[in-house]
Amino acid sequence: MASQDKSINTDVPEKDVFALHFLQSLSNLKTQNPSNSPDKTNDRVKKIKMAAYVSMARAAGGRRLWSRALLRRAASENNKIVRFPRRKRRVTWLSRRRCNRRAPVEEKAADRLRDLVPGGGEMETSKLMKETAHYIKCLSMQVKVMQCLVDGLSPK
Amino acid sequence: MDPPLVNDSSFSAANPSSYTLSEIWPFPVNDAVRSGLRLAVNPGRNFTRSVLVEHPGNKDVSAAEESTVTDLTAGWGGRKTRDLNSEDDSSKMVSSSSSGNELKESGGDKKRKMCGSESGNGEGSVRPEGETSSGGGSKANEQKNKPEPPKDYIHVRARRGQATDRHSLAERARREKISEKMTALQDIIPGCNKIIGKALVLDEIINYIQSLQRQVEFLSMKLEVVNSSAATGVFPSGDLGTLPIDVHRNIYEQQEANEPRGSHPEWLHMQVDGNFNRST
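Chains V and U, in that order, give the protein sequences.
Take the first sequence: its position 61, counted from the start at 1, is 61 in UniProt numbering, and no numbers get skipped.
Take the second sequence: its position 235, counted from the start at 1, is 235 in UniProt numbering, and no numbers get skipped.
Here chain U stands alone, though its shape is the one from the complex:
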């Protein structure tokens, strides 16, 4: 409780806009009481604004630290990409506070976890603010003054950069392609439209292919019987024209029923030839 009061007084003396900080500092105290996620979200937003307003000279420090922090957060950002796959690309271009807020919320979860692991003393309320970027052990003294705000600002930047990471972009494009092809596959397979979930759809596809292949095997067995038992005149030349009429008609009828073709004079010719051959 003591360090917040000191900071509050110092900032109010320094800047007129320090009322944000005076709003902020009760929240970590409440955070120590573990009142909720909202309280973990709000300080971050206020911190970013206060940093932008109050410490223009601090930007070079933040820019200097930015690379290191992006490296740090890229490690667990890569783990996050799977969870963010449904998220569209809106968050990578937007630098406004909206993306910052929703990113803060996910960060707030982590903060609360840290709060849960620590005991509820006064420093525990301060440390979770900066624990994502650094261990927080070395800067215990500086944490009382300013260092959390720049880190939160950097934190937002890093999370934004994670969305534009080329690997995650490529991964997202790949997933979109796959799901697009998967829907096309679903349209092909009968009765597959109602299935939800990629794994189930793939199972259905696999079952369908297996059933088709088994069918082909069965039909080839049948054909073997037909081929061996039939008279020698059934397949004399391997030409379509020499087929029996009903087979011929079956094939053609199915074709016309399934995909009506506009003009195929060649086909008509062959069909006429076949019928003629058969009738003579």
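Isolated chain V, as found in the complex:
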């Protein structure tokens, strides 16, 4: 259903898939923790946010690096017992960049971008740009759909 084969400019993130996944996870959350459960509001907000990101990653499909990183992060947060106490140190572009201090200004900005885009630390810079473009598209789509949901579902 999602069209990941196209290039970056023509690739349109799928609103429907995202909305479907997001609503499913919302209803799951609602059935799992009803409103009188002892969960705090912050936890529920965090869960909803995580559900939004995960469904966005699912809508984007598994071919994008950022979506895979998001799903991996979500999976590691779901079962925290299995998680390693210290994250395994990968040789990432971020750490490699930070090793040599004489990086130009753009590379420093790209490092900050790597912190923002999920899974960005392992990307080479041009790949990072590509993933960032797709990530921004998906994020704006996500914001629009969530806005729609809030507008439509809020009690009049």
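Take the hints with a grain of salt, since some may be wrong.
[Said to hold, decoys possible] With a cut-off of at most 27 angstroms between alpha-carbon atoms, the simulated BS3-like pairs for lysine-lysine come out as follows:
#1 V:K46 <-> U:K222
#2 V:K49 <-> U:K222
#3 V:K127 <-> U:K198
#4 V:K108 <-> U:K177
#5 V:K47 <-> U:K222
#6 V:K40 <-> U:K222
#7 U:K222 <-> V:K144
#8 V:K127 <-> U:K181
#9 V:K30 <-> U:K222
#10 V:K137 <-> U:K181
#11 V:K137 <-> U:K194
#12 V:K108 <-> U:K181
#13 U:K198 <-> V:K108
#14 V:K144 <-> U:K194
#15 V:K137 <-> U:K222
[Stated by the list, open to error] Residues of chain V clear of chain U, computed beta-carbon distances all greater than 12 angstroms:
#16 R68
#17 N78
#18 E122
To be clear, the hints were calculated from the coordinates, so they are not data collected in a lab.
We treat Cβ as the ideally placed atom computed from N, Cα and C, and that holds for glycine.
Starting from the known structure of chain V, arrange chain U on it as the hints suggest.
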């Protein structure tokens, strides 16, 4: 002043084409007077021609020295690659004097710097010609006769080879790729087209992403309120068809407004189903 005169006489005796050298030699003298960059540029060009004309037997020497000099210049050529990033690949294939000239100009700057550091004696005018390839201290005697011309010729070759260096080629290709992707990013982000400069564009991108992420957080807070306060019938099955009509319509309208799709019968079906479900 004395060595130029000696050289001039010797070359005029040796070759008819030595008038180039007679043109050349006043220039280092003027160079010692520090009259300008042009004078530093001209001798190099003349030197290369004179070498090609006069010393065909010298080529093996130049070829022998070429490797060493390329190694020497590759050191500070790697430093130069950042400055040459806007320069296209034309200079690496061209062996004509045009690339030689523009490379000479950058070399001329260095020569002038050396002239500025040295005192303005006669040897100071001779030494900057060969100082890029060797220290010039050991060949002080040979510098009076011929050695500068081959070095300048080698110098051109080395600078040319620096452009075709595989590292700088790969670096240039990488930068082109990055800037291409960056322009694609600029098209996505609203109001980012007018910003000039990669760092500023990246800052704008980062700000945009952060604002979007903050928006998502805010909306999830809102949704949490909605989700906890709403009746149990809002998300009974997590299906799109069970959405309220206005939400449904909002999502679809936005989709149609943003990217008009040709034919999606599946979608129409679901929409009809949703409306039907809602109306019953």
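Here's how the hints hold up against the structure:
no., hint, in the structure
1, V:K46 <-> U:K222, "holds (12 angstroms)"
2, V:K49 <-> U:K222, "holds (11 angstroms)"
3, V:K127 <-> U:K198, "holds (16 angstroms)"
4, V:K108 <-> U:K177, "holds (18 angstroms)"
5, V:K47 <-> U:K222, "holds (13 angstroms)"
6, V:K40 <-> U:K222, "holds (15 angstroms)"
7, U:K222 <-> V:K144, "holds (14 angstroms)"
8, V:K127 <-> U:K181, "holds (8 angstroms)"
9, V:K30 <-> U:K222, "holds (15 angstroms)"
10, V:K137 <-> U:K181, "holds (14 angstroms)"
11, V:K137 <-> U:K194, "holds (20 angstroms)"
12, V:K108 <-> U:K181, "holds (17 angstroms)"
13, U:K198 <-> V:K108, "holds (11 angstroms)"
14, V:K144 <-> U:K194, "holds (25 angstroms)"
15, V:K137 <-> U:K222, "holds (22 angstroms)"
16, R68, "holds (18 angstroms)"
17, N78, "holds (17 angstroms)"
18, E122, "holds (17 angstroms)"
Checked against the numbered hints above, the structure violates none of them.
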